[in-house]
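All chains should be built: construct the whole structure from the sequences, respecting the hints.
For the record, the sequence lines run as chains A and B. This note's numbering puts the first residue of the first sequence at 1, with every later residue one more than the last. This note's numbering puts the first residue of the second sequence at 1, with every later residue one more than the last.
Hints in this document: simulated from the structure, not taken from any laboratory. Fair warning: there could be bad hints in the mix.
Stated by the list, open to error - Cross-link-like lysine to aspartate or glutamate pairs, in silico, EDC-like; alpha carbons within 20 Å at most:
id	chain 1	residue 1	chain 2	residue 2
1	B	K244	A	D650
2	B	K46	A	E122
3	B	K38	A	D28
4	B	K38	A	D650
To be verified - Facing chain B, from chain A, some residues (calculated, C-beta under 10 Å):
id	residue
5	S448
6	D648
7	Y710
Being a predicted model, the structure only gives us computed values, none of them experimental. Every residue, glycine too, gets a C-beta built ideally from N, C-alpha and C.
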Amino acid sequence: MPKDSGIGASSKRREDVRFLTGAGNYTDDINVHGQAYVHFLRSDIAHGRIKSVDTSAAEAMPGVVRVFTGKDFEGVGGMPCGWEVTDKHGAPMQEPPHPILAQGKVRHVGDPIAAIVADSLEQARDAAEAIDLDIEELPAVIDMKAAAQDDATLVHDDLKNNICYDWQLGETDDAKVDEVFANAAHVTTLDLVNNRLVANPMEPRVAVGEYKRGTDEYTLFTTSQNPHVIRLLMCAFVLGLPEHKVRVVAPDVGGGFGTKIFHYAEEAFCTFAAKACGRPVKWTSSRSEAFMSDAHGRDHVSKIELALDADNNFIGLRTNTYANLGAYLSTFSSSVPTWLHGTLMAGNYKTPVIQVNVKAMFTNTVPVDAYRGAGRPEATFQLERVVDKAARELGLDPIALRRQNFVTQFPYDTPVALTYDTGDYNGTMDKLEAAADLAGFAARKAESEANGKLRGLGINCYIEACGIAPSNIVGMLGARAGLYDAATVRVNATGSISVMVGAHSHGQGHETAFPQVVADMIGIDESMIEIVHGDTSKIPFGMGTYGSRSLAVCGSAMVKATEKVIEKAKKIAAHLLEASEADIELKDGQFSVAGTDKSVAWGDVTLTAYVPHNYPLEVEPGLEETAFYDPANFTFPAGAYACEVEVDPDTGQVSIEKFTAADDFGNIINPMIVDGQVHGGIGQGIGQALLENCAYDENGQLLSASYMDYAMPRADDVPFYGVDHSSQTPCTHNPLGVKGCGEAGAIGSPPAVVNAVLDALNSGGKAVDHIDMPVSPSRVWAAMNS
Amino acid sequence: MYSFDFEKPSTVADAVAALGAEDAQALGGGQTLIPTLKQRLAAPSKLVSLSGIAEMQGVCVEDDGSLSIGGATTHATVAREAAATYPALAALAGQIGDPAVRNRGTIGGSVANNDPAACYPAGVLGSAATIVTNTRQIAADAFFEGMFTTALEEGEIITSIRFPVPQVASYQKFLQPASRFALVGVYLARFADGVRVTVTGASEDGVFRWSEAEEALNKEFRPDALMDLRINPANMIADLHGSKAYRAHLVSVMTKRAVEACM
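In C-alpha cells:
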C-alpha cells in the first residue's frame, strides 16, 4: 500500500496552489517605493574595441537618473569564477577579467556597454538610443578549433591564447593508451557535437537593488538558485561590501535549470547603482536579453574512441573535447567540462584505461556554464553513442554489450577519480526491459512499417555524480567554495515547525518533500511543518540548489538538525515523565517510557520547552537546532532508458512514440515529485536531442535569438513517459539513503533518442553512423540522402 | 515600444481617414506588429485598430456560393465558421500559431503582411480568391508581390476576402519546429476548371503557384502524376531549419500528400 503521508508518500505539492492561482511572489512582483529602472545597452557586434562611449546626450534626456559605463566600475571587482582548474602541465587556468560593464572591448553580442537608470524603462530605452558609440569591429572568434590555432585573433588581448586550459584526466601516459588501442580487436571512433543550448526558464532573470542610507544596508532581490552564494560572491569579490550589511532574497523563482546559479553582472549593478543613484534600481530581463545574457549550456565538440578486445570487453577509452566557455568565465563554467564531465567518462562500465582530454576555449559568444546535468550529459552522450556504434559495427545486441561491461562490484574506483558507492546496473536494466516492454518492440516495429514509417529502439545507460559535493574533495580539485549545506529546525511553542534551509526551491517541490521527512521522524502531520528558503536574513549559510543536491545534502542537514531537536525533546520528555532519557521512545508524535503506558505528546513537550516551569535545570530552554552537513562522497544515481521513435522516410520527421526510464535514485521521499522531475528532465533532453539549437553565424551573430528560431519542446513533441523507480540501492553515506533525481532525465535521454533514430534508419536500410543534435527533420533527411 | 497615438474607429471610412495621418499604421490582430513594436523595430505615429469595425467581421456565404470573410475576422472564427462551407480553408486557419494567436490574429492582417512563411497567403492564392479593399477588388494572382510585399497602397485596408469554394482542397503544412510557421506549406484546390497548387514557406519570393504541378494534375489528378516533378531549389529559402534542397523536396512531398488527401 502506498503511504499517504511522510517518507514515501506522494503528497501533493503544496506550493502549486499559489503558483497555479497567480498568488506566487516572483522577483518581478517586487516593487520598491521610489524605484528607478535600468536598461542595459548591449553590444550588437560580437567583438570590437571600444574607442568611445559618449553618454552626454543620453544624460540630458527626460527622466534619466544616471548613465553608467565601464569607467564607473574601474575601481570595482569583476565577476568571479568559483573554480580554478589546473591544466595538464600544472599551470592554473587563464582567468581574464570580467567587468560588470564592458571595458576596452566588447566580446559577445549582448555584452553590456552602458546602463541607463531612469524614472521609467521606456525613458531608459530612449536614452540608450542617444548614446554615441564608437566601436572598432574586430574579427569574431567563433569556431573553437580555429580559436585554438596560434594565429587566432585573441578574445582577451592579455592572455597568451584563447585556450583557458588544456586539461587531462585518467591515464597520463599517452604511450600506454596508444598501446591499449594498438592491441584492441576492435576500435570504434565517433566525432560528435553536444549542441549549445539556452536554458530558457519560464521566468527571465530580474534584479532589484535597494539601499537604506539610515542603516547602510543593502537588499538585492534576485532570481537565484542560491542567495547565500550570490551574497558571498558579490560582497567579497565584486563590490567589497560587508556581508552582514547585505541581504539577498530569492523569492519564488520560475525555473533555473542551472542558469540561475551564477552571479551575474546585472545583480551587482543593481546593488551598486541603488546606492550610487540614491534610489532602488530594478532590472527585468526581456526574453531577447535572456537569449544573449543568460549563461548558455553544453557546446562541446568531441572525438571519442572505444577499444574492445576480442571478447567485446571494453579495454580502453579516449576522448578529445573542445569545450566552449564563451567570452568570459561564468561562475562555475570552468568546472563543467572538467570535474563534472571527465569524471563521468567511465559511465556504468568497468573500462580499465580511460584518458579524457579537454581544451576549454574562449570565443566571442555568450558565456557557457552549467545547464541541467552540467558536464554529465556531455559525458553520457559521447559514451552511450560510441557504445551503440560499437554494437552496430560488431553486430551485437546493444543491451548485451552493455551488460557484459557493467560495473557489478561496489564500491568501485573508476580510472577517472570517482568511487561509486553502490548501484545495480543489471537490476535497473531488468526493470527497463520489463517496463518498456522491449519484448513487444518487434510487433510495434511491424505496425509502424505497415504505416510507412521506420521504427527504431534506442537504449542507453547513464550514471551521474550528484549530491554536490564533498568540500574536501572539491577543494582539492579547485573549487573556491565549500559545497556543504545547512538547515535550522525551529520548533514553535505549539509544536509546529519552521525549517530554514540553504537549498532553494524553484520548481523542485522542496516545500512539500522536506516536511515529509521531518514529519516522518517525529510522527506528526506534514502540515505542521513549513520550509523557509531563499532569504539570507532568515536561512543559515547553505549553498543552494544545483547538481541534484538539495535532498542529499541539505536534506541530510535537516535530518541532523531534527535529530538534535528530538534528542533534546527526549530530555524534556524524560523530565516530564520522571523517567530515564534512555527509556524515552518517540512514535507518532508521542514520547513514551518503554514498557509502560506513560506518555506525553509532542505539543506538550514543545510547550514545556518554551514555558519551562517544570523543566530539567541542565537543559537550555527553547527547541531550535542547526546542522551543517558536508557529504562524504558524491551520490551516484544511475539508470537505463529506452526510446522508440518513428521516422517519416519522406520528410525525416522524427516522432517519439514511447519513452521509458528506469532510474535508481536510492530511497525516494515523494514518488510523484520524483516522477515529475524525471518527466521534466526527459522533456529537456528530448528538446536537446530533437529541437533546441543555439546557433551563431561566423560573425558571432546569434541566429537563434528568439522563439522564432530557437525551438523549445512543446507538449505535443513528447510522449507520455513510462517511469520505473523500483530499482533502489540506497546511497551508503547520507542519512536518508537518497541520491538525487533532478538532472537524470536530461542526462539519460539525449543518447536514447539519437540511438533510436539511428536504429530506425539503419534497420530501415539507410546506413547512417551519426547525426548531430538536434536531430531535426532536415538533418535526418540529409543523412538519409547523402 | 515607442509611444504612439491610438484610434479604434467603428467604420471603414473613419479608419481610412485615420490612416491618412503621416506614419499611421493599421493594426489588425497585432500578432506581428505588436512584437515588432516591442522590439522598437517600427515607430508609427498612430495605430489604427481595425478590430472595432463591424462590417469587417465574420464569415458568410454569398449568393454565388463563394465564401466572404471580413478582413478583421480572427483565425479562430474562420476555423469554426468556415468549417462547413470550406473545410480546407477552415483547417488552414485552425493550424495557424497557437490558440492565443488564433484568437487575436486576423485574416486581413496576415494577408496584408504577406509573411513568406504564413499560411493564409497559400490559401488565398490557392483559392483564386479576391481581395476586397476600401477602394477596389484585387485578384489573388495580382496581389502577392514577394516577401512582405503586396499590391496594397499606403492606407488601403483589406475589408474582406472572397473565396470561390473548390470541389475539394487540402492544406499540407510541414512545421518549422521553432516558430511553427510553415517550413513548407502546400495548398491544393481543385475547381471545375482546373487545379491550383500554391506553396508558402519555401521561396525567397514568398507564396507562389507551382504551375508545373498544376499542369500535371490537370492532366491526371492522382499522386503519381507528380512522380517525376521536381521544383528548382535555386530560389528556395535556406536557414537553420532547412536547406534549399530540403525545402524543394518538401514541396514535392507536401503536394503529393495534398493530392492524396483530396482523393
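Verification of the supplied hints:
1. B:K244 - A:D650: holds (16 Å)
2. B:K46 - A:E122: holds (18 Å)
3. B:K38 - A:D28: Roughly 18 Å separates the two Cα atoms, so the pair holds.
4. B:K38 - A:D650: violated (39 Å)
5. S448: Since the shortest Cβ distance to chain B is 18 Å, the answer is violated.
6. D648: Holds: closest Cβ of chain B sits about 9 Å from A:D648, inside 10 Å.
7. Y710: OK, holds: A:Y710 within 10 Å of chain B, min 6 Å.
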